[in-house]
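Enquirer: Letter by letter, the chains look like this.
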Amino acid sequence: MPRISRVFQAAVLLLTLADAATPQPPPAFVSDPFQQRVGGVELSDQSVVDGVVMLSHISRLAVSVEHQLGPTISGTAPQPKTFTAKVGPGTVSEVLDGLCALDEAFTWARNGNMVNVFPRVLARDPHYFLNRTIDELTLTDMPGAEEAVFKTVEQLPGPKEQIAIMQVGTSVSFASPWSTTLQGASVREVFDLIARQLGPTYGWQLTGAEDFRLIIFHQGLSPNPSRSDRKQQTSGAR
Amino acid sequence: MSVTNTGMKATNALLTLHYDNGEKSYEMRQSIQPGDQMWVNVGNLIRNHVPDSKGTVLPAGASSGTYDLRDLSPGLGSLMQGNLALDGTFGFNAEPLYANCCGTANPVWDPSILLFEGIESSFDSEINGTDQCNGDLENISPNFSDWWSDDTSIATVTSKQVTSVAAGTTTGSASGDIFVGAGSYCAFVPAQVNVSITVRPIVTISYNPGYVYIGQDPTVVQANLMGGSGTPSGGTFKWSSTANGVSFDNSAAQLVHITATTWTGGTNDTPITLNYTYNGVAATPATVNITQRIFKYLAGDSVILLTRYSGPSTYGYLYQANYNVYANPGDQQVTNGSGISTYENVTQTSSNYPSGTPNIGQGSLNSNSQVVDNPLSLLSNSPLPGSLSIIDSQDLGVGGIYVRNNTLTWTATSLTVTNNGPFN
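Chains as they are written, first to last, in the working numbering: chain D, 1 to 238; chain G, 1 to 424.
Hints were generated in silico from the structure; no laboratory data involved.
The beta carbon of each residue, even a glycine, is placed where N, CA and C say it ideally should be.
The reader is advised that the hints may include incorrect statements.
[Claimed, not checked] Computed from the model, here is a short list of chain G residues facing chain D with C-beta under 8 Å:
#1 Gln-333
#2 Ile-360
#3 Ser-382
#4 Pro-385
Full structure from sequences and hints, please.
Expert: Structural data, given as structure tokens:
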């Protein structure tokens, strides 16, 4: 199971210091939420991402998903495998391990109370956009997630990285302008912090295609119905 | 002949002589002070051709007949006849038509129970007795000289009227002398009559929009407000309904929030009753019939482009959509729904990007009771590709109830919102 990198731990420490002037609400748990025992999740012709979403509802953890991207936005996107299986019971960590063992295309990492799910093949790819780190990132008076995302990507070294943000209904404005300084944080970790700044349940999804990356922040996610149900919905009335 | 007023007040006597075998009559009216007498010499009336109030004159040949005496004043009557049988000494011989006296017994209050709805209202006091000659009810209130209430903080009682003062119960009383008997003997006897007085508090349903919305969402319940008022204040309230699925957050409160879970589909078919008790006396319950409304659909769509970004640092667009909310029955636009929760569930339906996990968003109706979908934005730090085509399915709900499905079509230049209903 992947663990938080030493760099990220340092980033969290810096963030804590930077946020000292802006008190955060106390955590809603008294023990490690990843060690709480759950009854497990049951997939019915659904993907492991759907299973992670179900688990987040049980454990009250935020979740961010990096989907497998196709090469171009005008092409067909890869679809995750679906399974009919029960994973668990066990601790949240054990169920997450079980899900990612079911579909080895995905792996997961913990970042505070956030579960990050992403393609296993990209987990250690230093060139993968979300694995890239910024030696020192400074965000000053950011009014919302859009500005913070663009400012983060702007500070990546080298050629400009494309990123787009799509939002439907869910406001991505911060309660108050946000400033922070991070050292050695990955883009993924920064996006997690931006989501946390929006609210404790917020997360994000990376989708689109390799030539047009799209990030969507959410208050929460809902698992897809089973694929067979989706086919029925597509062919019939709502 | 003579007639004596034996009562305490002046009275009016009507003496009627019937002659010609009862076919004709001659009337004499006279006011008689207490203790005074009315003297009549019929012979003189005949001889002197004295007309009565109707102009009738006793004929010279009249020598016999009958008579009756009536006390025209209200009450039991206080006339006592003397020398009742007239003889030929005065040229006219008469016998009484009726019994010599008619008492009025069995005094009762009319109405027999005094029930007031609220304070500062009055009933006219009246005590009736039964005429012992003909059985008629007669007002004998003047025979009662003392009137009182056991508790003047609840109601006051006078010979004129009974007036409510405060909610509660008490007894009203009157005492005096009533004239009882019939025939040759009548007499005054002391009497007291009592009446039960109840002054009810008043309750009204003072705040009633006429409808409640279906749903258990706390924001919906918060919007379903009704209120009552009781007079006098300080009593206890009790809300209730016989309708299925209707409950109150605090049925003993003056203001209540209502939860309705079983939609009837009808209009004004849900009874809401408010009971109120003050000082141990229950008010007549207030009941209204209200309508249960259910959020049904959105209409009046307004999708507007707020900002377009054309670089160099940001590209894309920002839209906002506003919708009016309608409820059934009757396609009623929701106008008092500020703060009621809204939700949306967005699922990607196109196949050219893999965001297959539905986003859940929550909000609330704005101050105009509209669903506001903001932001609807697609922003990029580089130009949007011309081939971009993203299609989402968006479900919208109000108060936990699904009200709309939209298709959102995103292209490089614009967002299109297509309404898939429901439409009514």
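Enquirer: All hints are to be evaluated individually against the structure, with a verdict given for each.
Expert: Hint by hint, here is what the structure shows:
| no. | hint | verdict |
| --- | --- | --- |
| 1 | Gln-333 | 22 Å, violated |
| 2 | Ile-360 | 4 Å, holds |
| 3 | Ser-382 | 5 Å, holds |
| 4 | Pro-385 | 5 Å, holds |
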